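Asker: Listed here are the chains, written in short residue letters.
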Amino acid sequence: MGIGITELTVRIVVLAKQVPDPETPPSQFKIDESTNTVIPPNGVPPVVNGFDLTAVEAALLLRDSGADVEITVMSVGSDFVMDAMKKPLAMGADRLVLVDDSGLDNIDSAVTVRVLAAAIEKDGPYDLILGGRQASDWDQAHVTLGLSEVLGLPLVSLVQKLELNGDSVSLQRVIPDGYQTITAPLPSVLTITNELGEPRYPNLRGIMQASRKKPEIFSLADLGISSDDLVPKLELKKLYIPESNKQVELIEGEDEADSGKKLALRLREEKLI
Amino acid sequence: MTSILLVAERDEQGEINQSTLQAIAAANGLLDAVVTVAISGEAPASASALAVEKIVTLAVVSIADEGIYDQATAEISALVESTSPEVVIFCKSDFGSIVGARLAFRSDSAFAADCIEISNDGGDGVSVTRPVYGGSALAEFEIASKPAIVTLRAGSYEAGNETGSPSIEAFDSGASVEQAASVTGTVAEARDGVRLEDANFVVSGGRGLGGPEPFSVLTDLANALGGAVGASRAACDAGWIDHSHQVGLTGKSVSPDVYIAVGISGASQHMAGCSSSRAIVAINKDADSNIFKEARFGIVGDWEKVLPSFLATVRELKA
Chain A
-17 MGIGITELTV RIVVLAKQVP DPETPPSQFK IDESTNTVIP PNGVPPVVNG
33 FDLTAVEAAL LLRDSGADVE ITVMSVGSDF VMDAMKKPLA MGADRLVLVD
83 DSGLDNIDSA VTVRVLAAAI EKDGPYDLIL GGRQASDWDQ AHVTLGLSEV
133 LGLPLVSLVQ KLELNGDSVS LQRVIPDGYQ TITAPLPSVL TITNELGEPR
183 YPNLRGIMQA SRKKPEIFSL ADLGISSDDL VPKLELKKLY IPESNKQVEL
233 IEGEDEADSG KKLALRLREE KLI
Chain B
1237 MTSILLVAER DEQGEINQST LQAIAAANGL LDAVVTVAIS GEAPASASAL
1287 AVEKIVTLAV VSIADEGIYD QATAEISALV ESTSPEVVIF CKSDFGSIVG
1337 ARLAFRSDSA FAADCIEISN DGGDGVSVTR PVYGGSALAE FEIASKPAIV
1387 TLRAGSYEAG NETGSPSIEA FDSGASVEQA ASVTGTVAEA RDGVRLEDAN
1437 FVVSGGRGLG GPEPFSVLTD LANALGGAVG ASRAACDAGW IDHSHQVGLT
1487 GKSVSPDVYI AVGISGASQH MAGCSSSRAI VAINKDADSN IFKEARFGIV
1537 GDWEKVLPSF LATVRELKA
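Protein sequences, first through last, are from chains A and B.
Take the first sequence: its position 23, counting from 1, is numbered 5 in this note's numbering, and each next residue is one higher.
Take the second sequence: its position 316, counting from 1, is numbered 1552 in this note's numbering, and each next residue is one higher.
In short, the hints are calculated from the structure, not lab data.
If you're wondering where the values come from, they're calculated on a predicted model, not measured in any experiment.
We treat Cβ as the ideally placed atom computed from N, Cα and C, and that holds for glycine.
Hints are supplied without guarantee of correctness; some may be wrong.
No more than 20 Å apart at the CA atoms, straight line, and that leaves these computed lysine to any residue pairs for SDA-like [said to hold, decoys possible]:
id, chain 1, residue 1, chain 2, residue 2
1, A, Lys12, A, Ser226
2, A, Lys244, B, Ala1523
3, B, Lys1290, B, Val1270
4, A, Lys220, B, Gly1359
5, B, Lys1529, A, Gln229
6, A, Lys228, B, Val1270
7, B, Lys1554, B, Asn1436
8, A, Lys143, B, Thr1422
9, A, Lys104, A, Ser208
10, B, Lys1521, A, Gln229
11, B, Lys1541, B, Val1453
12, A, Lys12, B, Val1368
13, B, Lys1521, A, Leu232
14, B, Lys1541, B, Asn1436
15, A, Lys219, B, Gly1361
16, B, Lys1529, A, Glu234
17, A, Lys220, B, Gly1358
18, A, Lys196, A, Ala66
19, B, Lys1521, A, Asp240
A partial selection of chain A residues facing chain B, derived with a Cβ cut-off under 8 Å [claimed, not checked]:
id, residue
20, Arg115
21, Leu133
22, Pro136
23, Asp159
24, Leu212
25, Leu218
26, Gly242
27, Arg250
Looking at chain B on its own, in the form it has when it is part of the complex:
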């Protein structure tokens, strides 16, 4: 038996999110898996059909803890201590990356971040694969000590269709946390249209655009497709567009149906944020640029000449 604790996250509607469902599929793929899902607050109704053994509900993490996660780390540490799982799986989100790392160092356990594969059929411990060097290479690690704490990259596994009838119980950690740093406010930055992470179409621009103005053309195209505008780090760092649009290892991860990369060379750091898109479309002047190795469709050419007719045809097709 391999006992696995999986820390669930919710989407904006309060349901178990897609990354968590994918992580459940990954956990169920382990040999002799017995999976417990931990979730903060009351479990949503849909949780009662998850293909897992047990659901443990944790105390709701207070708003002031969002982003600091002192309380969340204490709750989950207490749960791990009392249930001694062999594997603890988090989603590679802001929450999972921070709480996972803190839990590992607090309990002197092994931690592997941003894994794309996990297995335990090769002997004693757990084996994980993670992209390194900005995605230029893959590294396979063996973790012998227990628990092995990992975060899983979204899109690495497909959510399964299986259902189950887990037992549901509440866990009271009794942990009291004195929070030293505190959140005093949240400032929302205006966003037009679809959230980048949720968009079915993403039109991204890079260094090849040459300046901030061309992003208006990309915005027109994104609007015509009902999608969102993304950008490479180079374009954001140059100040052509706000960093909230950045796609890549240090920006957002997106997995739209179509990812249109305009004037983006396709450095592995950028591809790390969009490689799980269904289809990548590349428009770039340089036939040798890396983006064409990753794309399904491509045009070698000047975006200034390609985009207007592409946009016009998209509008006709959509009309």
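Isolated chain A, as found in the complex:
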């Protein structure tokens, strides 16, 4: 138990993934087809998956509302870039726990879930596990979902608002035409959606504090897992950039207003309107 942590503290684990910056311009997005990997663009460092930062924001909002929370950010992988991974700390999270092992290169989500589950169990008691709705690299959205199955915990996805009430949590879950209100017990696993709001920017004080914090690091061996046990279920055969064969027909009138008129007439000609 850390300093200031009591029996009543709600311990929140936020899952975070390091990804290539999704804002990388398309012209710089390149793939090495011999290794089926993305070539890291020059001068564009990786970032924490933006959807996961929204989950960090959700935890921080609970603290802002007066709840006594401890926020632990957890990630699984190799080649972590600390400037990126410390961003949640700079936003206000308390701890950063990394499972950092070269055996975790190129893993699939089944392996990720297994390792995360082991790390969460080892790290100690927890009350809530939060994840972003998906990762911006492989666009898989199921690590958090899978974790609920492996840990045997209730799952609520697409949460846009949450409120702690003693030993339960009141949630709003986004649906196509509104939202559901849901009550879930603690501990539960939640995926947070971007309707929650933009993650906050770290302030200077947060950045200073984060720079002094050291991540706590587990290896696979610490978790009692051998990398030989980690067999991916999906084998990547080919990664490639699809060719676009679309040719746009640009409508050009005498001026922009005329272009607008011509566009409507052209769409009618094609029987589209």
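Using the hints provided, position chain B relative to the given structure of chain A.
Answerer: For chain B alone, coordinates are given in the frame of chain A:
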């Protein structure tokens, strides 16, 4: 023989929905396919003509399970356990994404989400293709273990015309589920006009609009076309329009006849939600923006000058 279990979903009228019919076409495209369709509740009349081997009806999932899907996951897990299919196909919907993932991790099976292609003619297992990096790249995976559990993106396959005469049987899982999280209510947000997902015309606005006010012009245009208003994530995150209008990877998927993108740069994350539209029309000041690579018709120009005359002409044509 390749045994395939396909989990059907219904539309608002209770009929088998379009995504399911597309998934049936995908399943029938597999080598030596023998397809079973699972559906909750009594099968609609139209199901008796589906081009599949068998229809299995499951217990109706209770309202309190909607969105949580504990009961649905238990029912389908039991069905998979008792029938051992080699492939399980879900639609990439809220239901399919959640139940598919939970089923896979519960049974320690392979899971591939949001696939646009599935085949089994290349050897032992199943091969799937899915967009990654927000649609900037495609990844092809091989799944050797069984069952392979996948969700299929809507619009990836065209529904077939074939019919069949499947047998229909009920499946009683005997599963009892103690639901830990529970739905206590549903709050509907007001919507004017057509549902975005069902609209034949979608007029979407992005960062290039510069603020919330221009969405009223887009609404006028959508109304004139009998369509709905969409938006990019940037416009929603800026608070210019409600997130329920968001089109894209993390918003809604639409496939209208005409998708009009106004002031949208066309990031692959956005295109993931609208690329199956019949025709994309782009109006953007920046001739280099990505949207023109995806569009069939485009105007390089200021939307403020283009839209009024476009709207006026649409109204004349519609009159």
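Asker: Are the hints correct? Go through all of them and say.
Answerer: Outcome of the hint check:
1. For the hint linking A/Lys12 to A/Ser226, the alpha-carbon distance of about 15 Å falls within 20 Å, and the restraint holds.
2. About 18 Å separates the Cα atoms of A/Lys244 and B/Ala1523, which keeps this hinted pair within 20 Å; it holds.
3. For the hint linking B/Lys1290 to B/Val1270, the alpha-carbon distance of about 9 Å falls within 20 Å, and the restraint holds.
4. Restraint check for A/Lys220 and B/Gly1359: the C-alpha separation of about 16 Å stays at or below 20 Å, so the hint holds.
5. Restraint check for B/Lys1529 and A/Gln229: satisfied, since their Cα atoms lie roughly 7 Å apart, inside the 20 Å limit.
6. Among the hinted pairs, A/Lys228 with B/Val1270 is inconsistent with the structure: their alpha-carbon atoms are about 36 Å apart, more than 20 Å.
7. A hinted pair counts as satisfied when its Cα atoms are at most 20 Å apart, and B/Lys1554 with B/Asn1436 qualifies at roughly 15 Å.
8. For the given pair, A/Lys143 sits about 14 Å from B/Thr1422 by alpha-carbon distance, which is consistent with the 20 Å threshold.
9. Only pairs whose Cα atoms come within 20 Å are accepted, and A/Lys104 paired with A/Ser208 is accepted, the gap being roughly 16 Å.
10. With a CA separation close to 18 Å, the supplied pair B/Lys1521 and A/Gln229 stays within the 20 Å bound.
11. With a C-alpha separation of about 12 Å, the suggested pair B/Lys1541 and B/Val1453 falls inside the 20 Å cut-off, and the hint holds.
12. With a C-alpha separation of about 13 Å, the suggested pair A/Lys12 and B/Val1368 falls inside the 20 Å cut-off, and the hint holds.
13. Only pairs whose Cα atoms come within 20 Å are accepted, and B/Lys1521 paired with A/Leu232 is accepted, the gap being roughly 12 Å.
14. A C-alpha spacing of about 25 Å is found between B/Lys1541 and B/Asn1436, which places the hinted pair above 20 Å, so the restraint is violated.
15. The straight-line distance between the Cα atoms of A/Lys219 and B/Gly1361 is roughly 13 Å, inside the 20 Å bound, and the hint therefore holds.
16. Restraint check: the Cα-Cα separation between B/Lys1529 and A/Glu234 comes to about 17 Å, which is no more than 20 Å; the hinted pair holds.
17. Of the pairs offered as hints, the one joining A/Lys220 and B/Gly1358 holds, with about 14 Å between alpha carbons and a cut-off of 20 Å not exceeded.
18. In summary, the hint linking A/Lys196 to A/Ala66 is supported, as the alpha carbons are separated by about 13 Å, within the 20 Å threshold.
19. Between B/Lys1521 and A/Asp240 the CA atoms are separated by roughly 15 Å; this keeps the pair inside 20 Å, and the hint holds.
20. The restraint placing A/Arg115 at the interface with chain B holds, with a minimum CB-CB distance near 6 Å, inside the 8 Å limit.
21. With a least beta-carbon distance of about 10 Å to chain B, the hint placing A/Leu133 at the interface is violated under the 8 Å criterion.
22. Hint status for A/Pro136: holds, given a least beta-carbon distance of 4 Å to chain B, under 8 Å.
23. With a cut of 8 Å, the hint placing A/Asp159 at the interface with chain B holds, because the nearest CB-to-CB distance is about 5 Å.
24. Interface hint status for A/Leu212: violated, as the beta-carbon distance to the closest one in chain B is roughly 13 Å, over 8 Å.
25. Evaluation of the A/Leu218 hint against chain B yields a held restraint, the C-beta minimum of about 6 Å falling below 8 Å.
26. Proximity of A/Gly242 to chain B holds as hinted, the smallest CB-CB distance being about 4 Å (cut-off 8 Å).
27. A hinted interface residue such as A/Arg250 counts as satisfied when its beta carbon comes closer than 8 Å to some beta carbon of chain B; here the least separation is about 5 Å, so the hint holds.
Violation of the numbered hints given earlier is confined to hints 6, 14, 21 and 24; the remaining hints are satisfied by the structure.
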